[in-house]
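Place chain B on chain A using the hints.
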Amino acid sequence: MSRLRIPVTDEDHVLGAPDAPAVLVEYGDYECPFCGQAYWEVKELSQALGDRLCFVFRNFPLTQAHPDAELAAEAAEAAGAQGRFWEMHDLLYEHQESLEVGSLLAYAETLQLDLRVFSDDVGGHRFQDRVRRDFLGGARSGVNGTPTFFVNGHRHDGPFTADALLSALEGGGLNAP
Amino acid sequence: MANPPAASAPLRPGTPAPQFSLAASPKQKVSLRDLTGQAVVLIFYPADFSPVCSDELALFNELLPDLKALGAQVLGISVDGIWSHLAFARERKLRFPLLADFHPKGEVCRRYQAYRELEGYAERALYVIDREGVIAWSHLSPPEVNPGVDGVLEALERLPPHSEPPEALS
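Which chain is which? The protein sequence lines are A and B, in order. With the numbering used here, the residue at position 154 of the first sequence is 149, and numbering never jumps. Each number in the numbering used here corresponds to the 1-based position in the second sequence with 3 added.
Hint data in this document are derived by calculation from the structure and do not stem from the laboratory. Ideal Cβ positions, reconstructed from N, Cα and C, are used throughout, including at glycine. It is possible that some hints are incorrect.
[As the list claims (entries may be wrong)] Facing chain A, according to a computed beta carbon distance under 7 Å, are these residues of chain B, among others:
| hint | residue |
| --- | --- |
| 1 | D58 |
| 2 | L66 |
| 3 | K71 |
| 4 | P146 |
| 5 | N149 |
Next comes chain A alone, as it looks inside the complex (with noise of 0.2 Å):
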């Protein structure tokens, strides 16, 4: 079974304590359709556990099959050196159909993040080795599709339900509340 190589650090996007029960890092991309089902399962998933969840999430952008995906996973990143990394995320989840550059300007002008600063990095690919760097770990830890998931560092290979998230987490040792 495929574990997860690239241990979690302060340089990933971390929602919750890393040392909670239940560490949950997903490897996704933001054009991928069913990273967007993914999206509300996680959601559904984090209102179920609570504190007990901590919630990674890597970038993995399919670019030949996905032309958009890579430049939505660096404005994440840029909007992310301003502090905010998952209202885009969300955002850019809730908004699969729309992520050409105009989109992720709106998106960064909703958020109200320096748009000057925003659209340098964007433009100025500052981020694309930040998002390579993830693309290589999750190759070398298996990741073979996306969503992937990784449930306290083993890779979840089932369905990505938030259901059978939660018992793959539960089989790790959670203790249901």
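Quick look at chain B alone, frame taken from chain A:
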């Protein structure tokens, strides 16, 4: 072949890689012999356009620059014909050759113990062949499981470093 090999055993590391020469397009054939001196990644997959292999090939497609940086030539192989391969490669923007093990059907897949006799299509098998033409690593997945690329990356990194061929005397 009277006794088809068990579906669960790919050729072992250390085995000389069976030779093949297969069409990649109407005008182009790819022969393993011509690739001596390069590492080769062979991706056997069941069929063009089927969902899991598409994911699998998309992943190799995405990592192609990294696999090439490790000195590897990447080749996909299935029993589909070249016209299917060309349409599939165009639709998925695949940047590596897909070889047609079409006639006699499955002949090369059989040599690599990667043919499902009952179903008549290739196993989901991966091979890494070293620069001397010897199998360095092999892996067989159930048809519905995308194996990922981690095993291939690690196998390529374990190959002895490429020594430059001596300069030809002028």
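Checked hints:
no. : hint : in the structure
1   : D58  : 4 Å, holds
2   : L66  : 6 Å, holds
3   : K71  : 14 Å, violated
4   : P146 : 14 Å, violated
5   : N149 : 4 Å, holds
Hint violations for this structure: numbers 3, 4, all remaining hints satisfied.
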